[in-house]
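Novice: These protein sequences, in sequence, are chains A and B. Under the numbering used here, residues 11 to 460 are what the first sequence spells out, in order. Under the numbering used here, residues 737 to 1171 are what the second sequence spells out, in order.
Bear in mind the hints are in silico, worked out from the structure with no lab data behind them. Hints are not guaranteed to be accurate.
A short, non-exhaustive set of chain A residues, derived as facing chain B with CB atoms under 10 Å [to be verified]:
1. Phe-51
2. Val-83
3. Glu-169
4. Met-186
5. Thr-192
6. Ala-312
Note that the coordinates shown come from a computational prediction; the quantities given were computed from them, not determined experimentally. All C-beta atoms in this analysis are idealised placements derived from N, C-alpha and C, irrespective of residue type, glycine included.
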Amino acid sequence: MNRKRVVITGLGAVTPVGVGITETFDALVENRCGIGRIQAFDPGRFTSQIAGEVLEINVKDSVPKGYRKATKVMARDIVLAVTAAYHAVKDAKLKTRCLVDRGDVEGEVDIDPTRFGANIGAGLICADLNELAGALASAADRRDAPADRGFSLEKWGREGMNNLTPLWLLKFLPNMLACHVTIVHDCQAPSNTITCGEASSHLAIGEAFRTIERGAADICICGGAESKVNPMGLMRQSLLGRLVTDSNDNPTRACRPFDVDRTGAVVGEGAGLIILEEYEHAKARGAAIYAELVGFGASVNASHWLEPQADGRGQALAMSKALADAGVSADDIELINAAGVGTKAHDASEAAAIRSVFGQRGSTVPVLATKGAIGVNGAGSGAIDLAVTVMAMHRGVIPPSLNTNQVDPECGLNVVHGDPIDSRAEWVMSTAGALSGGQTAAVVLRRCVE
Amino acid sequence: MSRRRVVVTGMGWITPLGRDLEATWQRILNADCGIAETTIFDARTFPTQFSAEVKDFALSDFISPEEYELHKGVSRQASFALAAAKLAWADAKLDGAATLNKSMFGVYLGGGEGPLDFDHFATAAVEGWKYEDNTLDTRRWAEVASELLRKIVEAEQDPNMAAGHIAQMFGLEGPNFNTLTACAASTQAIGEAMNMIRRGDADMMISGGCHSMIHPLGVTGFNRLTALSTRNDSCKTASRPFDRTRDGFVLGEGAGMLILEELEHAKARGARIYAEVVGFGSTADAFRITDIHEDGRGGIAAMSTALADAGMTPQDIHYISAHGTGTKENDKIETLAIKRILGDRAKNVPVSSVKSMMGHLIAAAGACELITCILAIRDNVLPPTINYEHPDPDCDLDYVPNKKRETPVHTCLSNSFGFGGQNDTLVVTEFAEGG
């Protein structure tokens, strides 16, 4: 069967270091850090009190006027996704319903909505704790003796639940990211919501790649978004013992990917959405092409459902599958984008996977890692990484990994750190893995050639 | 080049009507109802006080003590998933099949999120709430929450955990995905898994779904949306898809798992072939977050895409397993969409909803319903829509009312439509050499 070629024609990123891919990329090249003490709530009693936060966005700037009311039922994750989607379609110069309605572009919608799909990775969206706690507190019995005080399920069912807005549930369903994005931009073709932690973006992009490759859509907006910068998200990660707890006074130095002194991950929030497009379709509309997506592979990398395999076997398998799919060997790859979340176990596992696939070259191929500057952005992580990697190919510059001062010899990778370096890489790989559950994936990109 | 064909070689489910494949199927054909007063929590003051629960379930009945130890602490829904996967695995006779290439054997689930640790969560919320100024003291909240909440229970709420557990239990190293497109999730999972096998990204997949939203906040969420039936005085008749007096769906829970396998692979190992999955369509309404498009645009597109993918026409369809939730809007618009797809034949093609008997299993619904389609093909008998008493002028199809029907069944179409305008349709057909 004749497989269609799939290219990247738009990048949208909303990260702790910038809104927009150019802003994000420039900040990374300049070694700027987006991690600080948490502003969204008082983190005083949490073991880790820092995060990569996106401080200044207004989602109303990313939707048509008539849709502003709907932003009231958007959880933070949805806000991030809708904002990144706006940036992605704008970057791709697509005249979507949103951009036309807003008057951002001249003329009419020029996309067939039935050939425009969406595949957006999402996390376990945390309920807005202020809203939910307030409602729950209204169902507490406060009149009796102290011993009887507390939440009353009986009262909750009778009246307390009515303090939640009728549409409450719709704020937190994971597929609401794709739902809002598809409404705003009018994408009616195949749609999906992958929920596999930090692997979500890569899996969503890989699946969107297949969708276009087999001819089921011409364009797909894909990637992921998530925020763990809320009390429940931070609490969950704290309980799992993966977070940096020794750097509350020094947040910009906290996350140290692949560094010999790394002590854990930092939570973050963000979104990455990418426009994938069938090659002839992109050419016909004169789109600027960033890169071609040529390979995808997926597997599982878990020794236990909460821990990665020490030898990175699953992640290596995903990488090997992506290489085989692309029809290239590891020797052709000149840049690797690794997740590098900053925990002892995950970075060691990922490094072992890279070494096992790349052999001796594993210690010399430049590795691009972003988490030192932006933290772990959950389901959005992978697409942010991928967008940054595509920019690195496009600009010919690899941004350094912030806070990687001395690469752990046991990792044995050439992690770019300190100053940015020039690169003319033609074949590039990007990989990611879910911190819990083990899902892992890799994609291979190529500088676009006729 | 002709494309690789995908067949079903094993099935397993954990449902409100039972867990044994054949016995549960018989209960469905006998028009049994799995709905009763909710016992998982005390729902007596809730607007909806009943649900379709999985009763007397213990994961240890399905897996070895060693496996149980390894997966200790799994959420309710992931334990349903593991049990159903074990049943499907055994049904496909994969125990002792030494030649399986595990790197080409993946998992694609529509797995829901695990239930919130509600009691502890509520206690922390109340403790942290400052009634004086109606704000949350996150410091106090964190102190209480870090004492009460437990690592494993929290980790298990991630929706990808069930897929991870299954991969680990069987050592499956192929692609591992979880989708959570609300009520459409497991239909979507099976469709995407089929595409993976077709393309050659895997030879075998465990695919299906699992979910349990029968917990205080799950019921709260759906009650606030007024999506649930509130027929508390007569819960056995509460789930009444397509009936004029329907007033919402009934929440169920469970898991359905299928072993999907590339045809030549299945033949080479002498596997029993239940049916062939031949078509899949996925679309978005792109309309409103709360309402289905009034013309059924997305559902029509999903069904027509699935038919085109199968290389079939509406003439080939013998039965439609409806999404048929029992909400006013869904049943009306789904009927409209089916009529648009089938045209003149609409009134001659039976349509039914097993949700009338087992409730709505949310993310797991599509997988369990596809299993009923496959058993319908095997046995040439259609499951009924029970509680059908009052014809609705807006719902004027043949819904196989109240009693099973024996009739030749070769090809079925199965619909799942999710909140947020996510539409998925599968086409499954009797297996025949030469297609």
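Novice: All hints are to be evaluated individually against the structure, with a verdict given for each.
Specialist: Structure-based check of all given hints:
Checking A:Phe-51 against chain B by beta carbon gives a least distance of about 5 Å; that is within 10 Å, so the hint holds. With its C-beta approaching chain B no nearer than about 7 Å, A:Val-83 sits inside the 10 Å limit, and its interface hint holds. Restraint check, A:Glu-169 versus chain B: the minimum CB separation of about 8 Å is within 10 Å; hint holds. The interface hint given for A:Met-186 is met, as the beta carbon of that residue sits about 6 Å from the closest beta carbon of chain B, less than 10 Å.
Taken as an interface hint, A:Thr-192 checks out: its beta carbon lies about 4 Å from the nearest beta carbon of chain B, inside 10 Å. Using the Cβ-Cβ criterion of 10 Å, the hint placing A:Ala-312 at the interface with chain B is satisfied: the shortest such distance is roughly 6 Å.
Violation of the numbered hints given earlier is absent; every hint is satisfied by the structure.
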